[in-house]
Amino acid sequence: MRVYLDNAATTKTAPEVAEAMQPFFVEKYGNASSMHSFGEEAKEALENARQLIANYVNAEPEQIIFTSGGTEGDNLAIKGTAYALKNKGKHIITSKFEHPAVLECCQSLEKRGFDVTYLNVSRDGFVNPEDVRKAIRDDTILVTVMHANNEIGTIQDVESIGKICSEKDIVFHTDAVQSLGKVLLDVKEVNVDIVSFSAHKIHGPKSIGALFVRDKKQLQPLFHGGAQEFSLCPGTENVSGAVGFAKAVDMLSETDVKRMTELRDYLIEKLLEIPEACLNGSRENRLCNNVNVSFSHIEGESILLGLDDQGVAVSTGSACTSKKLEPSHVLLALGVKPEEAHGSIRLSLSKYTAKEEIDYVIKAVKEVVESLRKISPLGK
Amino acid sequence: MYSEKVIEHFKKPHNVGKIEDADGVGTVGNRACGDVMKLYIKVKDNKIVDIKFETMGCAAAIATSSIITDLAKGKTIEEAMKITKDNVVEELEGLPPVKVHCSLLAIDALHAAIKDFKDKKK
Ligand SMILES: Cc1ncc(COP(=O)(O)O)c(C=O)c1O
Ligand SMILES: [Zn+2]
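Protein chains in written order, with this note's numbering: chain D, 1 to 380; chain H, 1001 to 1122.
Looking at chain D on its own, in the form it has when it is part of the complex:
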């Protein structure tokens, strides 16, 4: 059996999505900026896609900018805001467990004279909104805190953080790459100014995403070249990608979320029956598809490869698989001990995950953990 439980990394493109994209390669290949009928049909498809995505988050279509994905969206949101507002202030607030696309943007801005506060996170994986409030200074221009964490799946209180930011008139960006389709984010309900999305985490194509931007005047483009995407993300539009993304959004369903939640809970329960196993990140307020477990006395890469040998795909926060030879910054930010972080694996489900697959995975994990513990010098 082959079981894919690495859906937080990327997902299978839904066949319906691939089908929806198909005409835009060999048939409707026009440039969406061209005036002729080829251009018109591409433009129409692009704008329909924009409208659909806007509707889903309750935004206006002109507030949706297509990007090449989550990474580009985060870069445009953070650097674009910093450059646009640098005369107002140079202080940015973020958290210690953001995705590298956010953290490394912040680090690059530090080299350019910006000052960044990296907030601590609680042991169970939450940023305290009051910590955001306390970190705000007169020169704070941007707060960026992710909606849901990609490694441990904890869902942040963006509502409270948004309220605090709007009281103080500070731009609030959230990376919603992992939460899209899993946790509702209504941009009219929540005081959020910029939100990053990516299609390939929801069975859409890779290398397409979107940025919700409430007020485009507060954003400076990072690339220059044309008027596409309101001049904020210039370049010939990825029409097939946008169409595929919109199709993926259109297919999101609450029933799938419910099913995944049930399977997730079952998987957590069964994995925690293994001795000296613990769940990383809170059990409550957690993405419906995320399980992250540490097994004492063994190492994550070995678990990953042992599982791969049985056809099961997962990921790990072990140092041995990172180029820097440091365990996951997310787990360390939580205060997980390095040796426990070494023995962590993330299993992330999708709407395609079946109960039989989960049962197979539970059995495989038990076997792999047991055999690795047999050869480990620790814990005896």
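In short, the hints are calculated from the structure, not lab data.
Check the hints yourself; a few may be wrong.
Stated by the list, open to error - Heads up, simulated BS3-like pairs for lysine-lysine below, C-alpha to C-alpha not over 27 Å straight-line:
| id | chain 1 | residue 1 | chain 2 | residue 2 |
| --- | --- | --- | --- | --- |
| 1 | D | 380 | H | 1018 |
| 2 | H | 1120 | D | 380 |
| 3 | H | 1005 | H | 1018 |
| 4 | D | 323 | H | 1011 |
| 5 | H | 1018 | D | 374 |
| 6 | H | 1005 | D | 324 |
| 7 | H | 1011 | D | 366 |
Put chain H with the ligands on the given structure of chain D with help from the hints.
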């Protein structure tokens, strides 16, 4: 990422376990990586007649532990001391550059076990 030889040793490591009445035991750990390796040797007439290991670590750490036991078994103490990191890497048909430090760990463990053996003899 890994050679077939590494995967082979990872899946079916040789000489796994403990030697209860070992003549030398070496325990080393690499903080950077988090791998921990424990090597047991049994020595007779200056020869390593038995060797076993226990390792907590990545596939490279497990494979290098396995290969070092193969390389050292049957060798004299002097010969065993001459085993280098390059021997280990070569025997495994290569290691990704970021994993070479794991092969150092295996050498260190062997040296530590031999040192322990020599210290005990004194
Ligand atoms: C939270 C988060 N932000 C950003 C990204 C990057 O998105 P993309 O792969 O579309 O560039 C990812 C995915 O890896 C993610 O999980
Ligand atoms: Zn290692």
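Evaluated hints:
no.	hint	in the structure
1	380/D with 1018/H	12 Å, holds
2	1120/H with 380/D	24 Å, holds
3	1005/H with 1018/H	24 Å, holds
4	323/D with 1011/H	23 Å, holds
5	1018/H with 374/D	11 Å, holds
6	1005/H with 324/D	25 Å, holds
7	1011/H with 366/D	16 Å, holds
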